[in-house]
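J.: Spelled out, the chains give:
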Amino acid sequence: MLTILFDGIAYGMLLFVLACGLSVTLGLMNFVNLAHGAFAMLGGYATALLMNRCGVPFLATLPIAFAAPAILGVALERTLYRRLYGASPLDQVLFTIGLVFMAMPIANYFLGDQPQQVHLPLFLQGRVEWGGVGIGIYRLFIILVCGAIAAALQMFLIGTRFGAQLRAAVDDARVASGLGIDVDRLFTITFAIGCGLAGLGGALAADVVGGIDPTFPVKFMVSFLIVVTVGGSNGVLGALLGALLLGVLDVAGKYYVPSIGAFIIYAVMVAALLIRPQGLFARSGGR
Amino acid sequence: MSGEAARISAHLTRRARWGAGEIAFWIGLVALIFVAPSRALLINEILIAGLFALSLDLILGYAGIISLGHAAFFGVGAYGAAILASHGINDPIVGLVIASLIAGLVGLASAPLVLRGSDLTRLMVTLGICLMLGELANKNSWATGGADGLSLELTPIFHLFPIGFTGQRNAALYSLAVLFLLFALARRIVQSPFGLSLRGLRENRLRAGALGISAPRRLIAIYALAAVYAGAAGALVAQTTQIVSLDVFDFHRSADALLMLIIGGTGFLYGGIIGAALFIAIKDGLSTATPEYWEFWIGLLLVALVLAGRERIGARIAGLLPRRARGSAA
Numbered sequence: 001m002l003t004i005l006f007d008g009i010a011y012g013m014l015l016f017v018l019a020c021g022l023s024v025t026l027g028l029m030n031f032v033n034l035a036h037g038a039f040a041m042l043g044g045y046a047t048a049l050l051m052n053r054c055g056v057p058f059l060a061t062l063p064i065a066f067a068a069p070a071i072l073g074v075a076l077e078r079t080l081y082r083r084l085y086g087a088s089p090l091d092q093v094l095f096t097i098g099l100v101f102m103a104m105p106i107a108n109y110f111l112g113d114q115p116q117q118v119h120l121p122l123f124l125q126g127r128v129e130w131g132g133v134g135i136g137i138y139r140l141f142i143i144l145v146c147g148a149i150a151a152a153l154q155m156f157l158i159g160t161r162f163g164a165q166l167r168a169a170v171d172d173a174r175v176a177s178g179l180g181i182d183v184d185r186l187f188t189i190t191f192a193i194g195c196g197l198a199g200l201g202g203a204l205a206a207d208v209v210g211g212i213d214p215t216f217p218v219k220f221m222v223s224f225l226i227v228v229t230v231g232g233s234n235g236v237l238g239a240l241l242g243a244l245l246l247g248v249l250d251v252a253g254k255y256y257v258p259s260i261g262a263f264i265i266y267a268v269m270v271a272a273l274l275i276r277p278q279g280l281f282a283r284s285g286g287r
Numbered sequence: 001m002s003g004e005a006a007r008i009s010a011h012l013t014r015r016a017r018w019g020a021g022e023i024a025f026w027i028g029l030v031a032l033i034f035v036a037p038s039r040a041l042l043i044n045e046i047l048i049a050g051l052f053a054l055s056l057d058l059i060l061g062y063a064g065i066i067s068l069g070h071a072a073f074f075g076v077g078a079y080g081a082a083i084l085a086s087h088g089i090n091d092p093i094v095g096l097v098i099a100s101l102i103a104g105l106v107g108l109a110s111a112p113l114v115l116r117g118s119d120l121t122r123l124m125v126t127l128g129i130c131l132m133l134g135e136l137a138n139k140n141s142w143a144t145g146g147a148d149g150l151s152l153e154l155t156p157i158f159h160l161f162p163i164g165f166t167g168q169r170n171a172a173l174y175s176l177a178v179l180f181l182l183f184a185l186a187r188r189i190v191q192s193p194f195g196l197s198l199r200g201l202r203e204n205r206l207r208a209g210a211l212g213i214s215a216p217r218r219l220i221a222i223y224a225l226a227a228v229y230a231g232a233a234g235a236l237v238a239q240t241t242q243i244v245s246l247d248v249f250d251f252h253r254s255a256d257a258l259l260m261l262i263i264g265g266t267g268f269l270y271g272g273i274i275g276a277a278l279f280i281a282i283k284d285g286l287s288t289a290t291p292e293y294w295e296f297w298i299g300l301l302l303v304a305l306v307l308a309g310r311e312r313i314g315a316r317i318a319g320l321l322p323r324r325a326r327g328s329a330a
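Taken in sequence, the protein lines are chains Z and Y.
If you read the first sequence in our numbering, its first letter stands for residue 1, the second for the next number, and so on.
If you read the second sequence in our numbering, its first letter stands for residue 1, the second for the next number, and so on.
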């Protein structure tokens, strides 16, 4: 049972890294970015290709899996996303679905529709028994890395000037810009970090989900959205708790009641939206 | 009756008349099926997609309810028709009516959930409901056949005209008849005072409320009606292809309907049908040219449409039409 809890936490941590960028986009600019998964796919592909074609070691590919989507994110944000900030949610949805529709054939065209596998280095393979609980070493690695990222993000948000500006802008962008905060620049940087984290998440997730393939953006779009809706769209903590809840429920649900499978997490999402439309773990009293 | 009320009522009556262009449109559709029987399969697909897009237009274009999971009702209709057929109700028309009503009930039940909260919440609730239903269909394979799907055995319509692979022209005519009847009903509804009040709600909920129009009941009614329409489209797909599988609940299906509606224009009943025709023609053309990558061009079109401002394009096209056509199109 503890093993399942452990796997669930590892999966939840992964979802957190994948989705936290989306939660900021949604919270800061009220922007529905359904194409978030495409950035995660890019990160996953970066790692898989560098390892399989160039022989770069796994750990060395991770910074690139972060950087590539972050750079693409800045480029797209500057040129395209920017034009749609004031637009209706319908236009934003259409635009980002369009991007997803473009990203999938591009990946298919260059890399084919077979999943690209990420082969873990030896020291991350295998399991250890620890007090009767079987622990996958890679799962442990994921929890450590993602936990460190979550902690770093939280410190960054709480402790730095940039973080304070970001929190102010999420609470009320208009007042924040009235106080002289450059919300545009803030958003570009945050968007880039979010895309980068998605890419890193994609790279880390490749082994867990059985390789990266061109349908990745659509397959995981729903999971991201659930994390954001359950966690609420402000703050690292909400997204983290949402992701953990989802990860544990998903893994436990598939193990204990396989007959209803993914039904549980969808039901949780709809229920969460009905009870607290602003997110289960959101601070009350916000917008 | 005061002068103002008489003026409005005269305006409504005038708008309710079928224009010559509209009559020609429908006669043209019938003629098309007879002229090009070899393309009946494609025409049938367009008609059904048009009905599905019309259904989405009822909630999106007329009531301003945004949905990413409209395929939920499409799927319920399709599985409804298939399950009825596998339990001995083999008459297509009876199956279609019952399946659409079931979809309508699901719509009625889910409407209060969907109508809460903001647009963002709505997007995710609709998507979530669609996924839940898809997962239900996947896991309850005793009823739905699970991943294998279900095939349908149907009696001919009126015991005379077989539909399906042996009667593709009949199938297209059947879909056209259903589309026309439901279209005429939708046309009547959107031009009724009820339809006008919906548009008032879409434009400004607060002001409409101040005029004494209560939102929730009207929105629930139109949502359930749209679910009936989507269910009918799903039932038609199941009956004319004689097979249903889990892809009726696909996210793609909801997204495609949205796209058709955007291409054809929202808040305009012919928009869904025209959009479906254009979308499927584009898709058909592209997928023969580049079978694996046609989605890219669809995505590009979508991005371009949004960036160019779809409202502005729509207004410019409407500006080209003669005044009278604009009045009846609105």
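Mixed in with the good hints there might be a few duds.
[Said to hold, decoys possible] To give an idea of the interface, some chain Y residues facing chain Z are shown, with a C-beta separation under 7 Å as derived from the structure:
no., residue
1, Ile27
2, Leu29
3, Leu32
4, Ile83
5, Asp119
6, Val125
7, Phe180
8, Glu203
9, Leu206
10, Arg207
11, Glu295
Derived from the structure by calculation, the hints contain no laboratory data.
Predicted model only: the values in this text are computed from it and were never measured.
Every residue gets a Cβ at the ideal spot worked out from N, C-alpha and C, and that includes glycine.
J.: With chain Z as the partner, please determine if Glu203/Y meets the hint condition of a C-beta pair closer than 7 Å.
T.: 13 Å, violated
J.: Closer than 7 Å between Cβ atoms is the bar; does Val125/Y clear it against chain Z? Give me holds or violated.
T.: It holds, given that the least Cβ distance between Val125/Y and chain Z is near 5 Å, below 7 Å.
J.: Leu206/Y was flagged as interface toward chain Z. Is the shortest Cβ-Cβ separation under 7 Å?
T.: 17 Å, violated
J.: Should the hint that Ile83/Y touches chain Z count as held when the rule is a Cβ pair under 7 Å?
T.: Violated, about 19 Å.
J.: Double-check Leu29/Y for me: the hint is only fine if its C-beta lies closer than 7 Å to a C-beta in chain Z.
T.: Hint violated; Leu29/Y Cβ to chain Z Cβ min 28 Å, cut 7 Å.
J.: Report holds or violated for the interface hint on Glu295/Y, using the least CB-CB distance to chain Z and a cut-off of 7 Å.
T.: Since the shortest Cβ distance to chain Z is 5 Å, the answer is holds.
J.: Does the CB of Leu32/Y sit less than 7 Å away from some CB of chain Z?
T.: Result: violated, 29 Å to nearest chain Z Cβ.
J.: Could you check if Asp119/Y really has its C-beta closer than 7 Å to a C-beta on chain Z?
T.: 4 Å, holds
J.: Return the status of the interface hint for Phe180/Y: holds when the least beta-carbon distance to chain Z is below 7 Å, violated otherwise.
T.: Hint violated; Phe180/Y Cβ to chain Z Cβ min 28 Å, cut 7 Å.
J.: Given Arg207/Y was flagged as interface, is its beta-carbon under 7 Å from a beta-carbon of chain Z?
T.: 18 Å, violated
J.: Can you verify the interface hint for Ile27/Y: is its Cβ closer than 7 Å to any Cβ in chain Z?
T.: Because about 33 Å separates Ile27/Y from the closest Cβ in chain Z, which is outside the 7 Å limit, the hint is violated.
Going through the hint list in order, the structure does not satisfy hints 1, 2, 3, 4, 7, 8, 9, 10.
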